[in-house]
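Engineer: Required output: the full structure, derived from the provided sequences and hints.
Next come the chains, spelled out residue by residue.
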Amino acid sequence: MTRFACVYLVVLMSIGITVPLVAHHSFAAHYDMQKPITIQGTLVNVRLTNPHSWFFLDVKEADGTTSHWSFEAGTPSGMLRNGYKPDELPKGMIVTITGFPAREKPKVGMLQRLTTADGRSYGMFGPQEGAGAK
Amino acid sequence: MTATTRLTGLLIAASAAIVTLAAGQTPLLALQRGGAPAAPENAPPPEPTPRLADGHPDLSGVWWTGGDVGGRGYGGGRGRGGRGAGPAPPTFTGLYTPEAAAAAKKLADKDDPTLKCIPTAFGTLNVSMFDVGAVGQIISTPKFVVMLTETFHGFRLIPTDGRPHRAEVPPSYRGDSVGKWEGDVFVVETKNFTDNTWISAEGRVSPHSDQLRLVERYRRPDKNTLEIEATVYDPKVLTAPWTVPKQTLVLAPFEQILPLNCSEL
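Chains as they are written, first to last, in this note's numbering: chain A, 1 to 134; chain B, 135 to 399.
No lab work stands behind these hints: they were computed from the structure.
In this text, all values refer to a predicted model and were calculated from it rather than measured experimentally.
Quick reminder that beta carbons are idealized off the backbone N, C-alpha and C, glycines included.
Hints may contain errors.
[Unchecked claim] The calculated label-pair distances, taken between Cβ atoms and stated as ranges, are: (1) A:Asp32 <-> B:Pro305: 38 to 44 Å; (2) A:Thr42 <-> B:Glu302: 51 to 57 Å; (3) B:Phe278 <-> A:Ile94: 33 to 39 Å; (4) A:Arg47 <-> B:Arg297: 38 to 44 Å; (5) B:Arg206 <-> A:Gln40: 29 to 35 Å; (6) B:Pro178 <-> A:Arg47: 39 to 45 Å; (7) A:Glu88 <-> B:Thr231: 47 to 53 Å; (8) A:Arg47 <-> B:Phe278: 32 to 38 Å; (9) A:Pro86 <-> B:Arg351: 33 to 39 Å; (10) A:Ile94 <-> B:Glu302: 55 to 61 Å; (11) A:Thr42 <-> B:Val349: 49 to 55 Å; (12) B:Thr373 <-> A:Thr98: 42 to 48 Å; (13) B:Ala237 <-> A:Pro36: 32 to 38 Å.
[Said to hold, decoys possible] Derived coverage of chain B by chain A (criterion: at least 3 residues anywhere in the stretch with Cβ under 8 Å from a Cβ of chain A; other residues may be distant): (14) 237-245; (15) 260-272.
[What the hints assert, rightly or not] Cβ-to-Cβ under 8 Å is the rule here; a few derived chain B residues that face chain A: (16) Val203; (17) Gly205; (18) Thr248; (19) Ile252; (20) Tyr367; (21) Glu389; (22) Leu392; (23) Leu394; (24) Asn395; (25) Cys396.
Structural biologist: Next up, the structure:
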């Protein structure tokens, strides 16, 4: 195993990413796993579509402007079968997303974890942890 | 596919296996290499194969490997079968002609047609009715077997009487299928594909030609189990037919797949 491979595995294990074996395309190719980011914003849309779901946020910048972020999550079927409800996170909710930025597209990221103000937490495939996880 | 992409794929596979191990499940890679795990002790005896009025096995049901992507049970249960002991069999990409291998090197994940909501010609998990997903549904009747995919609203309408392929059908993403029964095995031949999709052999995106032809053998040895053996022919791309690792699926605990849209970012 190359040094790169070893480092990659250690990074993935340390941050607990559960990337699906059959991801139709490589998340690592699109997102920079070496640069974790945390973005807080207002949820404006959740799109449960193939091939992957997306979370869209409006984010207030320091200069008073609003930017628009898009975060890619897992397959909609995987999220729904893990217990995620289509209307579970309403528009207008303040959420915090940790993830990784796209290598080529600005303000696009891969969702690793989404948390709500009331403490709910979701992974790439919805509510993957806790008693409700399937 | 570049060497870097292949390496990344291996790393992702390794990562998934490690995470699965940590979750106390049977690692998918172990299933692929060493065969399906033994049934748990004290498991109830399998129920008999359901049959249609004409006596043939009823293949109907929602089938998966034991879970959906990202969920517990995914790849577990009696899901994806292995090949047993012995040397590793050829892979799809390992059978590329030199020309095909050179063409594949020019493609990367960003070229994957499924990112534009175009189906695969085969299936990400080496199960054609899954397409880019991990769940498929069969509706079996004496005249037709219908295979429904959850991704991209795909379907295959397969006549069971052994009729030849229709001549007037244009090439399509998912091809034209015909079927026949050989005892309790339903044999499906699919061809007449376009050449602008990828095959997703072995979970990796891979190009194919318009000469792609699939022969699949479906067997339901008991109520809860569906075994699929397949051979992929593509003389323009492969130096020899590719024998797909045998897949063993289980019934999912729900009766309908989901209607899911597809859209680009």
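Engineer: Sort out which numbered hints this structure fails and list those numbers smallest first.
Structural biologist: 3, 19, 20 and 21
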